[in-house]
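Novice: Chain by chain, the residues run as shown.
Protein chains: 2
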Amino acid sequence: MPEKIKAEELAKKQRQVSVSEFFVRNRHLLGFDNPVRALLMTVKELVDNSLDACDEMRVLPEIVIELKQLSESRYIVTVEDNGPGIVKVQIPNVFGKLLYGSKFAKLSQTRGKQGLGVSVSVLYSQLTTGKAIKVISKISSKKPAHYYELKINTQKNEPEILKEKEMDWKKDHGTKVEIELEAKYQKGRQSVDEYVKQTAIVNPHVNITYITPTKEKIFYKRVVEELPREPREIKPHPYGIELGTLMQMLISTTANTLTGFLQNDFSRIGSTTAKEMYNLASLNGKSNPRKLDATSAEKLFNAMQKVKVIAPPTDCLSPIGETLLIKGLKNEIKADFYAATSRSPTVYRGFPYIIEAAVAYGGELGKEETTRLLRLANRVPLLYQQGACAITEATTDTNWKPYGLQQSGSNMPIGPAIILLHIASVWVPFTNEAKDAVAHYPEIIKEIKLALQDVGRQLGSYIRKTVKVKEQQERVGLFEKYIPELSSSLYNLTGVNKGKIEASLQKILKKSLKNLLENGEKAK
Amino acid sequence: MPEKIKAEELAKKQRQVSVSEFFVRNRHLLGFDNPVRALLMTVKELVDNSLDACDEMRVLPEIVIELKQLSESRYIVTVEDNGPGIVKVQIPNVFGKLLYGSKFAKLSQTRGKQGLGVSVSVLYSQLTTGKAIKVISKISSKKPAHYYELKINTQKNEPEILKEKEMDWKKDHGTKVEIELEAKYQKGRQSVDEYVKQTAIVNPHVNITYITPTKEKIFYKRVVEELPREPREIKPHPYGIELGTLMQMLISTTANTLTGFLQNDFSRIGSTTAKEMYNLASLNGKSNPRKLDATSAEKLFNAMQKVKVIAPPTDCLSPIGETLLIKGLKNEIKADFYAATSRSPTVYRGFPYIIEAAVAYGGELGKEETTRLLRLANRVPLLYQQGACAITEATTDTNWKPYGLQQSGSNMPIGPAIILLHIASVWVPFTNEAKDAVAHYPEIIKEIKLALQDVGRQLGSYIRKTVKVKEQQERVGLFEKYIPELSSSLYNLTGVNKGKIEASLQKILKKSLKNLLENGEKAK
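The listed protein sequences derive, respectively, from chains A and B. FYI, the numbering used here numbers position 292 of the first sequence as 1021, with every residue one higher than the one before it. FYI, the numbering used here numbers position 271 of the second sequence as 1000, with every residue one higher than the one before it.
Next comes chain A alone, as it looks inside the complex (with noise of 0.2 Å):
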């Protein structure tokens, strides 16, 4: 009998897993594991695209969003913008590809990465509806416009296009996508409706026209008429790369020697700094970058991290800033109080990043409600995963109570409040691929906690005001049923008529009344 060997009959099963097929398996990943969840995601995802592409083409953004309802399961979502358009080639690549993008290694702060987000949501309708999704994109007044018809070859990660064709599109510029899923529309906290809401928010730049399901149509009307601050594009900092990614850089350089390299591919080394760098690896600056051996790749990336550098610069943050957090709060949230902070930019592991706080206290919101977080990150509202989130950790970690709301433990504050907390950086450490939570690096905890408290103390300040004014107010109303008795009193006493006596109190009382008054109304 002629030797059957195990191993041999084992690799004939062996191959290579399309990332397509990877997440198709595993699309609960990417936050697509519900039909609640895969719509917000997948408005989510279209609506990040075509805000990112608005300020990449420094154009005020006009979204429209539509959530329309075919069956019980069904839906079609639509969102179209005012944005660049995408060229021809581009159209299926874009949409029909996972993994395909232009943000992925770039150091600037967007709110899509990865080149997922959209190619999943396409998978997901195309697994759920086996419907093609419809593109049209435009890239100017002077080109037709683009009409597509896609799906993914989900074996081989390739767009497949069902049909194609030009079009005349009434707007100069911008694209339209609808996308057939299998989905539910829900109202609450982690809703398509709060996503938009919380977006209004945070881009206050922005005008958003949002059809529901039941046709009601929503405007969330733009509060500055300003863009934000170009967010610039930064090389890496040598703090913020390890050895592999060195070991790369060093063999994909254009530079011709490794003080030339030092010194264009990150930023903040100049040539003393780049010396200082060789020297203390032993390396010779004049040398090829591209023929260093591993060893002395090595021997750089240690020196590398022991050389004095000066931060990232951090202009390549465009931070939401603290008149605009408030405007934006006031506009969607109706308070008595408003509060704002926008720190100064700081770095983790390399990457430049800020945190801002925002909150908004009394009026409308419900006394002994648990105080709702709105958690952002690059200007994108986070509704998953809460608990798992280092925005969460570091409000409950602080302690709320000498700013004058209720707290028991490490538990949420209670009282009539909401409070923003928005990271912005180049690179946000998520925890997971769904992008729903910030992960736990202990710097950005500090940060937020301080930003936390910042807010926490004018919000103390202000309530101490109010209840002083309150308690005040109460002791005014309390003399005011005295006055008559007292009148009598002092008649009895000075023998002054009763009227006058009566008149002149009332009017200190209405004087001293204005004061609280007033002092109240500065408090706001």
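Worth flagging that the hints you see were computed from the coordinates, not collected in a lab. It cannot be assumed that every hint is accurate.
Not close to chain B: a few residues of chain A, all C-beta gaps over 10 Å, as computed [as the list claims (entries may be wrong)]:
hint : residue
1    : V753
2    : K835
3    : T938
4    : T982
5    : G999
6    : V1036
7    : Q1136
8    : E1209
9    : A1232
10   : S1233
Which residues of chain A face chain B? A partial, calculated answer using Cβ under 8 Å [unchecked claim]:
hint : residue
11   : F751
12   : K950
13   : Q977
Quick reminder that beta carbons are idealized off the backbone N, C-alpha and C, glycines included.
With chain A held as given, fit chain B onto it using these hints.
Specialist: Quick look at chain B alone, frame taken from chain A:
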């Protein structure tokens, strides 16, 4: 000025990202987020693969794991097995290519699944150390062993061979892998030590030699000489697929008729059921399945969900079994009482699964500590993300008070116990790629609770009995104390010799004590 079209400028930056680049950036998604966890993940991926390979070859596994410390943060992990080995041409692909493997779409109970694990360890190794991994593999006593030094070209997701040669190797067949990486070795509940120990408990047919960084050699000897039942591969069940998957299957089927497709490509569809399905969908059973249009496919899909089909076969599962669960536990945990249950197989979304539970109580286990929960899936210990796991939810939701443990609210019970919970399935629904936690399917949680209640009842009955015995022993002790006094009184009353009375009372007591102790033994 010629119009500068933004879209054309943006198009230049668009490119395909390789799956390796994606996971280098997102390696935290696979559990490689810090040096402690990276060490565990690397050991785990290698050992899981070794055990799967030995199972496939039907050979009793002999695994050697060694951790060697090179410097404070640098380790070498070596894992050697006596599995079938890997054929020469496949060695580079298995270790140097992400998403490459034999188990991806296969519906069978295996530890690995996605062809990601080991290659991500390789990526992490080269990212943090710049070093290649070393592999020796041999597939037969009549063939030479092959030695490789490998890296991954991340931009292409292709293996890079640095060295390859034939060599002599002492064993007939097997694989040995050596990976150098930045790592940190720690003791504790999420350690390599713990992973190895739990692996030995739930794989009682395995010999493991584990050499720790301090050169301590721990040997886990198998407690059974038989291999577990071979997990069979099954076909998909009509209730477990989605429309998109069905459409894919229709395109790639080898059947020539619709009825043939239904009967051959699914489990539990015979000719009658097939007929019922295509009739309900108003389709012709003789039509070519590859030519079905989207509308017909959707009709077929809906019909398949409506027709009653018996549950999938469950002999594809390989549970540990009650006897071996207890043997495995006894071998590693010194307790007074052990109980186990292996439930009947059941089904979620067309996928068969089995829940097994075991409990150890008393002995060396801490009396006032929180009860430990060992979570396992397809015989692999889950050491991270306990809070996010359905097994944890089911355990804390179970009321342990009637079973003799303390518990406050929905917390983990308190008492000298260890609870072990194993889910075996052809498709375990993990919440993340690092495979740390089981997703919250209500039907799975219900099954877990039933298993816990079963071992809980056994535990409760043991505790009640031993508590009863203890109480009676206390009563006996008390009685013994009063014997001299009682004898005096009886002597006074009856005039019978005091010594005789005492002796006879002692005799009665001894007899009842004997009974008590015998009952106590039975309860164990």
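Novice: Decide, hint by hint, whether the structure agrees.
Specialist: Status of each hint after checking the structure:
The Cβ of A:V753 sits about 7 Å from the closest Cβ of chain B, inside the 10 Å cut-off, so the non-interface label is violated. Chain B draws A:K835 into its interface by the beta-carbon criterion, the shortest separation being 8 Å against a cut-off of 10 Å. Chain B leaves A:T938 outside its interface by the beta-carbon criterion, the shortest separation being 23 Å against a cut-off of 10 Å. Annotated as non-interface, A:T982 keeps its C-beta farther than 10 Å from every C-beta of chain B; the closest such distance is 14 Å.
Every Cβ of chain B is farther than 10 Å from the Cβ of A:G999; the closest lies at roughly 26 Å, confirming the non-interface assignment. With a cut of 10 Å on Cβ distances, A:V1036 stays outside the contact zone with chain B, its closest approach being about 20 Å. The Cβ of A:Q1136 sits about 20 Å from the closest Cβ of chain B, beyond the 10 Å cut-off, so the non-interface label holds. Every Cβ of chain B is farther than 10 Å from the Cβ of A:E1209; the closest lies at roughly 50 Å, confirming the non-interface assignment.
At roughly 63 Å from the closest C-beta of chain B, the C-beta of A:A1232 stays outside 10 Å, upholding its exclusion from the interface. Residue placement check: A:S1233 keeps its beta carbon more than 10 Å from all beta carbons of chain B (closest about 63 Å). Taking 8 Å as the C-beta contact cut-off toward chain B, the hint placing A:F751 at the interface holds, the least distance being around 6 Å. Given hint, A:K950 at the interface with chain B, is violated; its Cβ is 25 Å from that chain's nearest Cβ, farther than 8 Å.
At about 7 Å, the closest approach between the beta carbon of A:Q977 and any beta carbon in chain B falls short of 8 Å, and the interface hint on this residue holds.
Comparing the model with each earlier hint shows violations of hints 1, 2 and 12; every other hint is respected.
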